[in-house]
Amino acid sequence: MVDLKDYEAIFEQTPLAQLLVDKHYKNVLANQELCKMTGVSKDIILSIKITDFKDRGILKYLKDTGETFEDAVARKRTVHGQSTIETSQGKIEVLRTIIPLLDEKGEIEYIYISYNDITRMIKVHDYMAHEVDELAKIYGIMAKGDLTPRYKLTEPDADTKENYEILVKLRDAVRGIIGSLEVNIADVNKRMQNLTTTSDSATRSVDDASKSVSQIAKNASVVSENAQKASEGIEQMAKAMQDMSAAVEEITSNMENVSNQANSANSSAKTGAALADNVNKDMNAITSSTENVYGIVKDIEKQMSDIGKIIVLIRDLASQTNLLALNAAIEAARAGEHGRGFAVVASEVKSLAQESRQSAEKIEGMITHLNLATKKATDAMESSKTLVIKGSAESSQALEAFRTIQKAAEAVANSASEVAAASEEQAATTEEITASVNEVAHLVEQTAKEAGDAAAATEESAAAIDEISRMIQTVNDVAMGAMEANRKFKVD
Amino acid sequence: MSVKASQPVTRGSTLPGQPNDSEPIQVVEFLLGSENFAINLFDVKEVVEYTTITKLPNVPSHVRGIIDLRGEITTIVDLKQRLNIREESARSIEASRIIVLDDKIAASKIGILVDDVTSVSTFEGNQVDYTSASVNAQDTAIIGIIKRKVKVKDKEKNELIIWIDLKQLLTDIDAAV
Numbered sequence: 008m009v010d011l012k013d014y015e016a017i018f019e020q021t022p023l024a025q026l027l028v029d030k031h032y033k034n035v036l037a038n039q040e041l042c043k044m045t046g047v048s049k050d051i052i053l054s055i056k057i058t059d060f061k062d063r064g065i066l067k068y069l070k071d072t073g074e075t076f077e078d079a080v081a082r083k084r085t086v087h088g089q090s091t092i093e094t095s096q097g098k099i100e101v102l103r104t105i106i107p108l109l110d111e112k113g114e115i116e117y118i119y120i121s122y123n124d125i126t127r128m129i130k131v132h133d134y135m136a137h138e139v140d141e142l143a144k145i146y147g148i149m150a151k152g153d154l155t156p157r158y159k160l161t162e163p164d165a166d167t168k169e170n171y172e173i174l175v176k177l178r179d180a181v182r183g184i185i186g187s188l189e190v191n192i193a194d195v196n197k198r199m200q201n202l203t204t205t206s207d208s209a210t211r212s213v214d215d216a217s218k219s220v221s222q223i224a225k226n227a228s229v230v231s232e233n234a235q236k237a238s239e240g241i242e243q244m245a246k247a248m249q250d251m252s253a254a255v256e257e258i259t260s261n262m263e264n265v266s267n268q269a270n271s272a273n274s275s276a277k278t279g280a281a282l283a284d285n286v287n288k289d290m291n292a293i294t295s296s297t298e299n300v301y302g303i304v305k306d307i308e309k310q311m312s313d314i315g316k317i318i319v320l321i322r323d324l325a326s327q328t329n330l331l332a333l334n335a336a337i338e339a340a341r342a343g344e345h346g347r348g349f350a351v352v353a354s355e356v357k358s359l360a361q362e363s364r365q366s367a368e369k370i371e372g373m374i375t376h377l378n379l380a381t382k383k384a385t386d387a388m389e390s391s392k393t394l395v396i397k398g399s400a401e402s403s404q405a406l407e408a409f410r411t412i413q414k415a416a417e418a419v420a421n422s423a424s425e426v427a428a429a430s431e432e433q434a435a436t437t438e439e440i441t442a443s444v445n446e447v448a449h450l451v452e453q454t455a456k457e458a459g460d461a462a463a464a465t466e467e468s469a470a471a472i473d474e475i476s477r478m479i480q481t482v483n484d485v486a487m488g489a490m491e492a493n494r495k496f497k498v499d
Numbered sequence: 541m542s543v544k545a546s547q548p549v550t551r552g553s554t555l556p557g558q559p560n561d562s563e564p565i566q567v568v569e570f571l572l573g574s575e576n577f578a579i580n581l582f583d584v585k586e587v588v589e590y591t592t593i594t595k596l597p598n599v600p601s602h603v604r605g606i607i608d609l610r611g612e613i614t615t616i617v618d619l620k621q622r623l624n625i626r627e628e629s630a631r632s633i634e635a636s637r638i639i640v641l642d643d644k645i646a647a648s649k650i651g652i653l654v655d656d657v658t659s660v661s662t663f664e665g666n667q668v669d670y671t672s673a674s675v676n677a678q679d680t681a682i683i684g685i686i687k688r689k690v691k692v693k694d695k696e697k698n699e700l701i702i703w704i705d706l707k708q709l710l711t712d713i714d715a716a717v
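Going line by line, the protein sequences match chains H and U. So the first sequence is residues 8 to 499, counted in the numbering used here. So the second sequence is residues 541 to 717, counted in the numbering used here.
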């Protein structure tokens with residue numbers, strides 16, 4: 008037999024809510040914990056049956072799961088169940104453990120019921136479940152790529168505070184991961200962007216390179232052609248150089264001739280200058296002679312004029328003599344036979360007078376003629392004087408001209424010498440040029456060969472560039488793929 | 541042209557009122573323009589040189605004026621003007637001559653102006669032609685035409701001298717003066 012008094016202390020000590028019911032379902036023992044849980048005083052509990060809780064509505068059973076008190080009685084074994092009960096203090100969740108206590112006969116003597124209050128546990132559990140569920144939803148969204156949604160954990164109360172802190176830890180850890188991920192994605196995106204940009208520019212560069220290479224190929228062929236042309240040109244140049252060399256030799260010899268000619272011209276000019284000088288002197292002598300002659304002729308003219316005056320006098324005398332003779336003849340005729348002798352004399356005198364007149368007339372004619380001649384002589388003198396002045400000036404000019412010729416001849420001689428010297432120099436230069444031309448020819452050949460090599464190298468380069476182009480395309484594709492992959496992550 | 545001694549006189553037919561052509565004639569020859577003229581020697585007193593003539597008013601055009609000849613006023617008649625000869629002399633007026641006429645044929649002292657006086661000549665009567673029409677015409681005062689043989693480039697040819705009658709000419713001159 009169990010002494011209930013002994014268990015009462017145990018009841019009180021146990022932190023679980025406990026109830027002991029006798030075989031008549033009458034409550035016999037209850038601890039303080041149960042009172043606290045139900046909000047019913049111990050006296051009331053001990054004054055009623057267990058069934059009264061439900062039947063009398065002391066406690067409102069909202070939900071029962073698992074085995075019940077009746078099951079325990081019927082099956083005479085320990086059963087477990089769970090109930091949600093509305094108490095005066097609120098809704099509580101309890102785990103029921105119902106243990107039938109059997110006597111020696113196996114009959115039920117007491118029934119021990121413990122109520123484990125799991126309200127708080129449930130609450131915590133529910134809180135956790137809800138929060139985790141919400142987080143899981145968010146993470147699900149994130150898993151699909153949108154990293155932007157955030158879940159703010161429900162503010163905890165005293166019961167859930169601990170769990171809240173755990174969740175915060177978890178969430179912060181995840182947030183850290185997401186942050187890193189975001190950073191990485193952005194970084195990768197940026198890098199990929201860079202990469203694609205780079206690969207684009209690489210593509211362009213490759214295109215450029217390709218163009219350049221084809222240009223180089225063209226250029227190489229042009230260079231090759233040009234080298235060919237240059238080679239021909241250089242050949243012609245070499246020939247021209249030979250011709251030039253010959254020409255320069257000819258010039259040198261011609262210049263010697265010119266120099267000789269110039270020297271002889273110089274000496275001729277000197278002789279000419281001396282002659283011109285003499286002519287000038289002669290001209291001056293002629294001028295003075297002409298002036299003398301002019302004076303003489305003038306003198307003659309004057310004397311002619313004197314003679315003319317005398318002739319006029321003679322003619323007058325002749326005329327008067329003639330008149331006298333006439334009158335004498337008249338007188339003689341009038342005298343008749345006595346005057347006959349006188350008439351003869353008068354006639355003779357008349358004929359003398361007539362002869363005198365004729366002579367005077369002749370002389371007059373001669374003087375007129377002489378005057379004309381003198382006039383002509385004077386004119387001739389004048390014109391010869393003019394001519395002499397002109398001749399004098401011209402001889403001076405000739406002298407000047409000869410001096411100029413002399414100077415010019417000297418200058419020509421000097422120039423010819425200079426030209427000869429220059430030609431010699433030119434000959435040397437021509438030889439140098441010929442050497443240079445040969446060198447250039449060699450270089451051009453080299454260039455042609457190198458152009459050929461360049462063409463070959465260019466083909467190789469072109470192939471390499473194609474390869475690079477393909478590689479860049481691949482890189483670009485990869486980068487694009489990576490970016491595409493990253494694109495599903497939505498980040499801030 | 542020299543004055544030869546008078547030729548022997550030969551007699552020929554004599555026309556009425558005309559000098560006997562058998563008588564030798566003595567004349568003074570002178571020039572009017574380019575023609576030779578002659579007047580009777582005995583109508584001439586002397587020949588003088590040209591001197592400045594003082595013109596007279598209200599006289600016929602052939603009266604040139606007057607000169608002072610050795611203190612005597614002498615009337616000068618321009619014979620070319622009187623005979624209507626237009627031909628000018630090649631020589632200057634100073635070279636012309638004045639033939640002073642004998643006092644017998646004029647009442648006053650008269651000189652005639654001619655271009656030149658060439659000679660005093662004697663011609664035979666048969667050298668003078670009195671028959672030509674011009675000679676016979678009135679108012680010409682021509683006595684006859686004297687023919688003189690001259691040699692021109694070894695050819696003999698007759699030079700004609702117009703022999704004029706001064707007395708006839710001077711009748712009106714005297715009236716005028």
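Honestly, I wouldn't trust all of these hints.
[Said to hold, decoys possible] With a Cα cut of at most 27 Å, we get these calculated DSS-like pairs of lysine-lysine:
(1) H:K56 with H:K98
(2) H:K159 with H:K497
(3) U:K693 with H:K369
(4) H:K369 with U:K695
(5) H:K98 with H:K112
(6) H:K392 with H:K369
(7) H:K43 with H:K67
(8) H:K144 with H:K43
(9) U:K649 with H:K369
[Claimed, not checked] Over the 10 Å line for every Cβ pair with chain U, so calculated as not near, a few chain H residues:
(10) K144
(11) S238
(12) Q327
(13) N334
(14) D460
(15) S468
(16) V485
By construction, these hints were calculated from the structure, which means they are not laboratory data. Since this is a predicted model, take the numbers as computed values, not measurements. Even glycine gets a Cβ: it sits at the ideal position worked out from N, Cα and C.
Hints, verified against the model:
1. Under the criterion of a C-alpha separation no larger than 27 Å, the hint pairing H:K56 with H:K98 is consistent with the structure, at around 22 Å.
2. Annotation: proposed proximity of H:K159 to H:K497 holds, straight-line Cα distance about 19 Å (limit 27 Å).
3. Straight-line distance between C-alpha atoms of U:K693 and H:K369 comes to about 21 Å, which keeps the hinted pair within the 27 Å bound.
4. For the suggested pair H:K369 and U:K695, the alpha carbons sit about 26 Å apart, so the restraint of at most 27 Å is met.
5. For the hint linking H:K98 to H:K112, the alpha-carbon distance of about 40 Å lies beyond 27 Å, and the restraint is violated.
6. Restraint check for H:K392 and H:K369: the C-alpha separation of about 33 Å exceeds 27 Å, so the hint is violated.
7. A hinted pair counts as satisfied when its Cα atoms are at most 27 Å apart, and H:K43 with H:K67 qualifies at roughly 16 Å.
8. Distance restraint check for H:K144 and H:K43: the Cα-Cα separation of roughly 40 Å exceeds the 27 Å cut-off, and the hinted pair is therefore not satisfied.
9. The straight-line distance between the Cα atoms of U:K649 and H:K369 is roughly 39 Å, outside the 27 Å bound, and the hint therefore fails.
10. Even its closest Cβ contact with chain U, about 170 Å, leaves H:K144 beyond 10 Å, as expected for a residue assigned away from the interface.
11. The claim that H:S238 lies off the interface holds: its Cβ sits roughly 110 Å from the closest Cβ of chain U, which is beyond the 10 Å cut-off.
12. A beta-carbon of chain U comes within 10 Å of the beta-carbon of H:Q327; the shortest separation is about 8 Å.
13. A Cβ of chain U approaches the Cβ of H:N334 within 10 Å, the least distance being about 5 Å, so the stated non-interface status is violated.
14. Look at H:D460: its CB is around 125 Å from the nearest CB on chain U, clear of 10 Å, so calling it non-interface holds up.
15. Every C-beta of chain U lies more than 10 Å from that of H:S468, the closest at about 129 Å, which supports listing it as non-interface.
16. With a cut of 10 Å on Cβ distances, H:V485 stays outside the contact zone with chain U, its closest approach being about 148 Å.
Going through the hint list in order, the structure does not satisfy hints 5, 6, 8, 9, 12, 13.
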